[in-house]
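Line by line, the protein sequences give chains A and B. Take 189 as the starting number for the first sequence in this note's numbering and just add one per residue. Take 2 as the starting number for the second sequence in this note's numbering and just add one per residue.
These are calculated hints, taken from the structure and not from any lab test. Certain hints may be false.
To be verified - Among chain A residues calculated to face chain B with C-beta under 7 angstroms, some are:
no., residue
1, Gly207
2, Val226
3, Leu227
4, Arg489
5, Ala490
6, Pro491
To be verified - Pair ranges (Cβ atoms, derived):
no., chain 1, residue 1, chain 2, residue 2, range
7, A, Glu471, B, Lys47, 57 to 63 angstroms
8, B, Glu40, A, Thr334, 56 to 62 angstroms
9, B, Glu87, A, Gly431, 31 to 37 angstroms
Beta carbons: idealized from backbone N, C-alpha and C, even for Gly.
Letter by letter, the chains look like this.
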Amino acid sequence: MTDDSLNRTPLHALHLELGAKLVPFAGYTMPVQYPMGVLKEHLHTRARAGLFDVSHMGQVILRPLGDREALDAGLERLMPVAVVGLAEGRQRYGLLTNDAGGVLDDLMFANRGDHILMVVNAARKFEDIAHLRAHLADVAEVVPVTDRALLALQGPAAEAALARLVPDVAAMRFMDVISVTAVFGELWISRSGYTGEDGFEISVPDPQAEGFSRALLAMDTVAPIGLGARDSLRLEAGLCLYGHDIDEGTSPVTAGLTWAIQKVRRSGGARAGGFPGAARILEELETGPLTHRVGLRPEGRAPMREGIVLWDAPEGGSAIGKVTSGGFGPSVEAPIAMGYVPAASAQTGTRLWGELRGKRLPVTVCALPFHPTNYKR
Amino acid sequence: MKYTEEHEWLRVEGDVVVVGITDHAAEQLGDVVFVELPEVEAMVAKGDEVCVIESVKAASDILAPVDGEIVEVNEALSDTPGLVNEDPQGDAWFFKMKIDDLSVLDDFMTEDEYKEFLG
């Protein structure tokens, strides 16, 4: 089951040793699950701590050519997000937008003093790097990080586990970033993740990645977790998956990501607009978007997956929307989904019907997340 | 016990055939979270999609292995779909079929042949 055309992460040999089932994902061969299985891996992460290999994601350094202010201002011309004013040692969620107000990618960016570190989606990293180079050529050098693995340690036991190797992490708050030189080289650590749980993402030099992972996995609270559980965890947390819940056709406002657009970038703010798609995005912020991303709870036990058409009536009526992510929520113990529906059908409690195998089955619009988040604010 | 190329097992009990999925199939599916069973008394033809299995990963079908009538379904799977992973070749049978001629089962694989088929 190995394909030579696929990239391998520095943890490939360890995945094989741990009995992972590997699948192609964004040009990499990645563990979708380990022998524990998706369901138990999911529940283990919520109860204790899960270790994820996310080395396929893009780590990109933006190093200012001149003064740092020019880089921050340049980045604000690509994202509807405040870059200026992000304190050193802090990370923020960002979105690259296009001229139509759609999303080119969603990402994390951190102020690491003399540079900005971005973590972008695996499937978008080459496009992102080209886009950043094209638009920031005057203000920054865009340097892909190619010699580091990226690991995520997520769950209520993550802090205690990581603190045994790196005591400094205990003092971090949600979205703090630090650099620490430890036994495993220089680690770039953020207190963040993609599961709704407290946890960390750790960038570790390639040669130390396996040793670092083994040290964590040796602790009885830590288990290896595959991309299957990563998907069900993020879905329960109501988090978007690029290419599914958000893409070049969805604006940040229709996607319900308005919290990521600070006041200072909105109409009336000191640095309002000036990013691609500002006309649409600012108007949607004022008047409300035509469609909304919503949570959906199918009645019964049958999961409704991506692509399921949503109707406004059990028979007849109109097709009004679509499921963009869906499956079974192991912590919710029920099927859950997200999708887009017109504003008029987006209120919590609205009953819709999803067409599954030729039958229309009822679903209820609900608030996100499905499972309460547990960040260390 | 007989085996199909669709990774189902067939066991004769008197004049009915009990149908389930193999250990291998359950392992490949991953954690099963939903099972839709056929109607009792339904007449089905070989190759008909008679059950839907949804795992954490994807949906798949169970096909009728032969022509016949569904005479009983395993209701326990509706409430406890995880049984399919725990005991696929025992408690987690899916349905029982009445068929005219049990000799049609001779065409299916023996356990040894199925093991060879899996490779």
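What hints, given by number in increasing order, does this structure fail? Failing hint: just 1.
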